[in-house]
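Peer 1: Chain by chain, the residues:
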Amino acid sequence: MKIYDCVPGLEFDETVDFNISPAWFQDATHSVPPWTPMFGWFWVNFCRHGMQYGAEKLSLPTVKGWDWRFKDGGGYLALLIVQDPEERKAREERFRVAIRPFLDDFPGLWKGFVNEMVDRYDKLKALNMDTATNIELLQNFEDTISTCRRMWEIHMYMMYGVYTAFVLFEQMTKQLLGFDDSSPQFHRLMSGFDNKSFQVDKGLFDLARKAEAMGLKDLFLSTAPAEMKTALAQSPKGQEFLKTFDDFMEKEAGWRLERMAEINVPTWLEDPAPAFAVVKMAVEKGMSYNLDEERKKLEADRLVAEQEVMEKISPEQRAWFKMILKLAQNSAWFSEEHNHYLDLYTHAMIRRSCMGLGTRWVKEGAIDNKDDIFFLMPDEVRRAGINPGMFNFRPLVDRRKAEWQQWCKQGNAPAFMKEGFTFEDAMGGLVGSMDPIALKVVVGSMPVARPELKADLFGVCGSPGSVEGTVKVVWTEAELSKIVKGDIMVAPTTSPSWTPVFSILGGVIVDRGASLSHAAIVGREYGIPVVMNTFEGTKVLKDGMRIRLDANMGAVYILDK
Amino acid sequence: MDLEYKEIYWLDELSKEYNDIVGKKCANLGELVGLGLRVPYGFALSVKAYERFMEETGLKERVAQIVEKETKAGLDVEKEIDKMIEMSARIRGEIELADMPQGLGREIAEYYDGLQKKVGISDVACAVRSSGAVSMPGQMETYLNVRGEAEILRHVKKVWASAFTTRAIVFRIQNNMTISWAPIGIAVIMMIDAKSAGVILTVLPTVGDLDRAIVEGNFGLGESVVSGEITPDSFVINKNEMCIESRAISEKTKMVAYAECGTEVCQVPDDLRNCSCLEDKEILEIVRVAKDVEKHFGNPQDMEWVVDKRFVFPENIFWVQARGAKYTKKEEGKDEDYVIDLMLQLFRK
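Residue numbers (our numbering), protein chains in the order written: chain A, 13 to 573; chain B, 21 to 369.
Hints in this document: simulated from the structure, not taken from any laboratory.
All the pointers check out, no bait thrown in.
Label-pair ranges, simulated between beta-carbon atoms: (1) B:Phe317 x A:Asn127: 44 to 50 Å; (2) B:Cys263 x A:Asp117: 22 to 28 Å; (3) B:Val154 x A:Asp117: 51 to 57 Å; (4) B:Gly318 x A:Arg108: 33 to 39 Å; (5) B:Gly318 x A:Asp116: 27 to 33 Å; (6) B:Lys301 x A:Lys101: 54 to 60 Å; (7) A:Arg106 x B:Lys349: 26 to 32 Å; (8) A:Asp116 x B:Gly248: 34 to 40 Å; (9) B:Lys301 x A:Glu323: 18 to 24 Å.
Where is the CB? At the ideal position from N, CA and C, for every residue including glycine.
Throw the hints in and build the complete structure from the sequences for me.
Peer 2: In structure tokens form, the structure reads like this:
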């Protein structure tokens, strides 16, 4: 029997894949560090499927979604551009009808999908993994696969639709008002919206207040997050707190992983240490949930900005301009909220299903550790699902694990390019596609150096404002604990599970990002300055440096040179 | 409806049903008063007043004789224009020179006296305007700045005489109407001392937005705004929230003011040119009143307002015209279609 070690059918092969596209870009936001084979299979198959599904459902005139390849744990992508002008025209006609639901009732559309997904999650969670039969475990895995596929369909259909409106709004502000999405004015129009992800953060802060009120402050201060659960269980007060905490984890916050795009790290429900770390940080640093108040202020600011903008638009143009503004504002909160209901939740479901299988397979002798399941492919799960005890996957797991460790050590190339093809050519291709996701999440605006400012680093404004503070360079969630109130976080990019720390940050600088990236959206909601696309912020800036961050100008000044 | 048939009416006694009795202009002003609008104070002389004048002065017979004589042999409108000019001059001369019958003159004087008391200004300046019962646009005269009892009476006669301008005679011949009889009413209304004037539409006409009103105005009289010769100040008001959503204050170099006879274009003083011609409270009051009228008629209105500098807010806002607004009806889904067009353009670059 031939064994395929990669993602079958979607492994990058330069002998044929350069015929499809001369350039394949690494998805650095999601596939660094390299994925395990199991997660890579899920992502490459279904993110790819979702993008093509979304582009087709909406009949985007210029692009049919993205093609994806898997290579050494990295995800690589190329755009499927519609070349034939006649075909573009035909797609335009269908687009007219397909985009309507977004204009008619975007919140209603989204709510319907949220209900559909939550219903699927509830059904998956209803199975007790410890007492389930092998057949039930296998069925749960198959259902998880179809849930993941559906999640990506919804994800990309929604994202393509709403980002198209966002790109349009940016164009309109440029043409009618003379500013784009790197301008503070633009960000004021996009701020002051609540979303589910923030509500989860608020719950964690509320838990910190509760711990203080219950007299557990000293216990939180003196206990490491990993030991917290055991320590709390020692006292009646602690047990009472744990009950509230566990309930909150089960219902709201538990279904997220530290790394959004992987399944080989525990969910907060399995290992509440990261959640305890947030609560502990909130107790330690006196962080209170200031989003509600902050939002009120931002909302008031936004309404003023809206009025200012509307006054500059002639009365005849106001009705449709307002329509585009509303749609664009939807994309701001949708960008953050979808992480909670789609990516994070689904990946937690995949992990749950895999862990159930892994535990059973260890028990029946197919593998040694339950985590080894991440080095198998779904076809292998199917092959041995009903009778895992009849198969030995150890040699396969050992070989793939060794390979994976090697991938992690060597790292992956940022792009595969056909000979003679340059990075600039490739970027031109991305921009030319007019693919709204490529423009607003992947590429972003390029910083413009302004020598007259004499700044040390230039980026693009993601959230307006200016601040002075101390640099803390952060690569992983574990490093968040070194942040103290007022620090400026410098990171390659930020992850949804890092959101709570924004409440004590003075500002944020990220190497890569666009106006709908996580750091920009969260920064705007917390009202702190964010500069993006500095490319080398994590290289130039060091822990402890004093800097001034002027997000309005996209400039960073090192103060103690 | 039982209509009281008098020779003189206060405007607030009138409504559009009085069209044939006092003429269109007077009936319309009465209708505005009935809607609760403040219109320039004044009174109306009915067709009956005209007939009484003609009767008591013997002019009715006199005019009939003149017309009879001149048209006995038939009258060719095209070729005998000189003859008609001469006939017009004769008749008008006789009317203007005739003495106002004592009784009628005293009654008119009593109303003028009442008007002076109402306005609070003695010898208040008035406009004496013709008010035809049938539409004969621009054929009859209007006199401005008429002060004092004697002058009022003199100009009333002049307006009556204007029923026999050459154009009016030709019009009646061409329309097979009796030449010697004209159903003419007169409006005697106080002159406005206009700080500013303009229009309000209770709809944004180009987009059919019924939630918003647009007010446009300039210093001086409203003609400069209505004629579209200058760029007026422009305000967009949200009718539901009653807030001014946008304002465009233009540089206003010219305005229209009353002259000895009629109106004239003159310069806006330098220090006023870039000032708003309305205060916010005046704008909102104009919208408030216009909304009531819109509600009354059930459709968007196009109305003309004047702010009189002699009175204090809100008694300084007067209305001179109200009619249904012409506007582009908003088509359902038209904005959506346009937004989709814009989206498609994104993909075409």
